[in-house]
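Using the sequences and the accompanying hints, generate a full structural model.
There are 2 protein chains.
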Amino acid sequence: MALSEFDIISQYFKKKYKHNTSIIAGIGDDAAIVEMPSDKFMAVSTDTLVSGVHFPKITKPFDIAYKSLAVNISDMAAMGAEPLYVTLAITLEHNDDKWLEDFANGFFSIANKYSIELIGGDVSRGPLSITVQIFGVVPKGQQIMRSGAMPGDTIYVTGKLGMAAYGLHMLNEGNDNIDKLCLQRLNRPEPRLDIGISLRNKATACIDISDGLKSDLSHLLSASMAGAEIEIEQIPFYNKLNDVDSDLRLSLGMLSGDDYELCFTLNNKFSVEIDNIRKEFNCEITRIGTIKETPGIVWNSKYDLSDEFLNSLGYLHF
Amino acid sequence: MALSEFDIISQYFKKKYKHNTSIIAGIGDDAAIVEMPSDKFMAVSTDTLVSGVHFPKITKPFDIAYKSLAVNISDMAAMGAEPLYVTLAITLEHNDDKWLEDFANGFFSIANKYSIELIGGDVSRGPLSITVQIFGVVPKGQQIMRSGAMPGDTIYVTGKLGMAAYGLHMLNEGNDNIDKLCLQRLNRPEPRLDIGISLRNKATACIDISDGLKSDLSHLLSASMAGAEIEIEQIPFYNKLNDVDSDLRLSLGMLSGDDYELCFTLNNKFSVEIDNIRKEFNCEITRIGTIKETPGIVWNSKYDLSDEFLNSLGYLHF
Numbered sequence: 003m004a005l006s007e008f009d010i011i012s013q014y015f016k017k018k019y020k021h022n023t024s025i026i027a028g029i030g031d032d033a034a035i036v037e038m039p040s041d042k043f044m045a046v047s048t049d050t051l052v053s054g055v056h057f058p059k060i061t062k063p064f065d066i067a068y069k070s071l072a073v074n075i076s077d078m079a080a081m082g083a084e085p086l087y088v089t090l091a092i093t094l095e096h097n098d099d100k101w102l103e104d105f106a107n108g109f110f111s112i113a114n115k116y117s118i119e120l121i122g123g124d125v126s127r128g129p130l131s132i133t134v135q136i137f138g139v140v141p142k143g144q145q146i147m148r149s150g151a152m153p154g155d156t157i158y159v160t161g162k163l164g165m166a167a168y169g170l171h172m173l174n175e176g177n178d179n180i181d182k183l184c185l186q187r188l189n190r191p192e193p194r195l196d197i198g199i200s201l202r203n204k205a206t207a208c209i210d211i212s213d214g215l216k217s218d219l220s221h222l223l224s225a226s227m228a229g230a231e232i233e234i235e236q237i238p239f240y241n242k243l244n245d246v247d248s249d250l251r252l253s254l255g256m257l258s259g260d261d262y263e264l265c266f267t268l269n270n271k272f273s274v275e276i277d278n279i280r281k282e283f284n285c286e287i288t289r290i291g292t293i294k295e296t297p298g299i300v301w302n303s304k305y306d307l308s309d310e311f312l313n314s315l316g317y318l319h320f
Numbered sequence: 003m004a005l006s007e008f009d010i011i012s013q014y015f016k017k018k019y020k021h022n023t024s025i026i027a028g029i030g031d032d033a034a035i036v037e038m039p040s041d042k043f044m045a046v047s048t049d050t051l052v053s054g055v056h057f058p059k060i061t062k063p064f065d066i067a068y069k070s071l072a073v074n075i076s077d078m079a080a081m082g083a084e085p086l087y088v089t090l091a092i093t094l095e096h097n098d099d100k101w102l103e104d105f106a107n108g109f110f111s112i113a114n115k116y117s118i119e120l121i122g123g124d125v126s127r128g129p130l131s132i133t134v135q136i137f138g139v140v141p142k143g144q145q146i147m148r149s150g151a152m153p154g155d156t157i158y159v160t161g162k163l164g165m166a167a168y169g170l171h172m173l174n175e176g177n178d179n180i181d182k183l184c185l186q187r188l189n190r191p192e193p194r195l196d197i198g199i200s201l202r203n204k205a206t207a208c209i210d211i212s213d214g215l216k217s218d219l220s221h222l223l224s225a226s227m228a229g230a231e232i233e234i235e236q237i238p239f240y241n242k243l244n245d246v247d248s249d250l251r252l253s254l255g256m257l258s259g260d261d262y263e264l265c266f267t268l269n270n271k272f273s274v275e276i277d278n279i280r281k282e283f284n285c286e287i288t289r290i291g292t293i294k295e296t297p298g299i300v301w302n303s304k305y306d307l308s309d310e311f312l313n314s315l316g317y318l319h320f
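So the sequences go chain by chain: B and H.
With this note's numbering applied, the first sequence covers 3 to 320.
With this note's numbering applied, the second sequence covers 3 to 320.
Keep in mind that the hints were calculated from the coordinates and are not lab data.
Computed from a prediction, not measured in an experiment: that's the story for all the values here.
Hints may contain errors.
Pairs involving identical chains hold if they fit within one copy or between any two copies, as the list cannot separate such chains.
[To be verified] Distance condition first, Cα-Cα at most 20 Å in a straight line; then the derived EDC-like pairs of lysine to aspartate or glutamate: (1) 42 / 245; (2) 62 / 175; (3) 142 / 37; (4) 59 / 95; (5) 59 / 37; (6) 59 / 104; (7) 142 / 41; (8) 294 / 231; (9) 142 / 99; (10) 304 / 231; (11) 271 / 181.
Okay, structure coming up:
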């Protein structure tokens, strides 16, 4: 039904399809046929990115493609799963050779980096949006759910928070002098796949921070039927957020998403292992609080925060 | 990132999630975790339906949902695969409780009919479109590819062609007196899953007719590196197409899609088995031509066709 779908697929996507003996049939039939490892569970996730909603309309096609796959790999990371295959549904206004070529280049630059094979897709005419579906595997029983956090567990986050949001904020303000690292984080986030996989059999719960720490931690807590006490001063904000006022700093660092760092919980008996993971992957991993039995989040802070902001946090301070 | 995504999922979709011991984790985590049967291949397909492109803007949410899953089940049918799981990515302009409730009802009415479990999804803000991803299984080696047709094989189609296109044509003409069966075919196509599965180890190639017979048969032929000779008078057109002129009849019946019938090829040693399948499923299955070694399609016809139409077929007559 999609106009020129077959031409688009064969010209830009099929030629980059690599040989893999587990792929019985890839792009080009009514469905792809693959052989999944029999000793593992399959992990499946899907995410849609809509132009003007999930990325600014000016975003380059390379970056749109990169991000659309990155956010799905991030979901695999949060489960401790290893991504294997991906399908791609593109809806675009009109065929634009240059756009498609750039998009395909962005897509394969990250797919190849993570050895993920594109096995199928669909190209439709319509307002620009991208839906990626990813399939991975995880050894049976080693999947990391959101629901396993226990009172007393320590809560960690990887990397720095607020980079992508700060980049978007600067972009929206029309600022020309934006830290390239922020734009990189906004447009080409790097999923914490190594960390997620290394947390198997260690983390009690894990989620990736796509919507912002407050929102994603809340999802983890409600899945775990638990609460948390968070030390705001411990949260590893992106360093340029020190230059802005407290409300904006915390809004960009805690209420905005798109960093794709991991937030996870750990029984303290594994805390030494976190040191090893930090060293092995040269990644900051910061303790920000503790899981509590009582639902809700207690935010401890010495910052001078406005009532408005505190309300937005659902602030509680003992 | 999607506004209210979690509310929408839990309110309309998660509650209808049924227990299945192969689903380790369904909706509500970063990814679903399922156990796939180890003795089968996995079949995966994805299709996007965009408002105003794949369905008229006036289409009811129940029908949009029904069709979005039906067309994906049809892809499984064309592979001889049995669908098991589905994920659903919805992009919609704004939250509308009634719309979502009707959509969910449509989705589960067909999902339950085919015992397919919804295991994940995404809800985004943006112009209305639906992307469904379906996963099925097929006994190893029994998948029916587009590529297996051999010279001498007979070409069959199931059911009647042109019903959906006739319905859409009448709708576009503003005709109030449209055969309900046509609208049903257009809005709630019934995938030929039983037939597809029963063709395992029999059909040499198969495709579902989503884009129209000419287009889909061409895909099958090019995958099989073969040609075909088709008897236009044998094609089972929807009976009301007899009331319109030849060009329109053939245009609606051969160049328009959305019927989701199957077109398949068969070695003649299995022709008696087709009688059994016809009887078992009470389904018309019609011989329309023969696979040839020479690429291209030879259309044999006694119809009085315009030069314009013949050109659109790439007509060749010996």
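Checked hints:
With identical chains, the CA atoms of residue 42 and residue 245 are never at most 20 Å apart, being 47 Å at best within one copy and 57 Å at best between copies. Within a single copy, residue 62 and residue 175 get their C-alpha atoms as close as 19 Å, which meets the 20 Å cut-off; across copies the closest is 41 Å, which misses it. Taking identical chains as interchangeable, the C-alpha atoms of residue 142 and residue 37 lie at most 20 Å apart whether they share a chain (17 Å) or sit on different chains (9 Å). Taking identical chains as interchangeable, the C-alpha atoms of residue 59 and residue 95 lie at most 20 Å apart whether they share a chain (13 Å) or sit on different chains (17 Å).
When the C-alpha separation of residue 59 and residue 37 is checked against a cutoff of 20 Å, the pair qualifies neither within a copy, at 38 Å, nor between copies, at 39 Å. In this assembly of identical chains, the alpha carbons of residue 59 and residue 104 lie at most 20 Å apart only when taken from the same copy (16 Å versus 32 Å across copies). Taking the shortest Cα distances, residue 142 and residue 41 sit within 20 Å of each other both inside one copy (7 Å) and across copies (17 Å). Only within a single protomer do residue 294 and residue 231 lie at most 20 Å apart by alpha-carbon distance; the minimum there is 7 Å, versus 73 Å between protomers.
Taking the shortest alpha-carbon separations for residue 142 and residue 99, neither the intra-copy value of 43 Å nor the inter-copy value of 38 Å comes in at or below 20 Å. Taking identical chains as interchangeable, the C-alpha atoms of residue 304 and residue 231 lie at most 20 Å apart only when both belong to the same chain, with a minimum of 14 Å there against 81 Å between chains. When the C-alpha separation of residue 271 and residue 181 is checked against a cutoff of 20 Å, the pair qualifies neither within a copy, at 39 Å, nor between copies, at 70 Å.
In this structure, the earlier hints numbered 1, 5, 9, 11 are contradicted, and the remaining ones agree with it.
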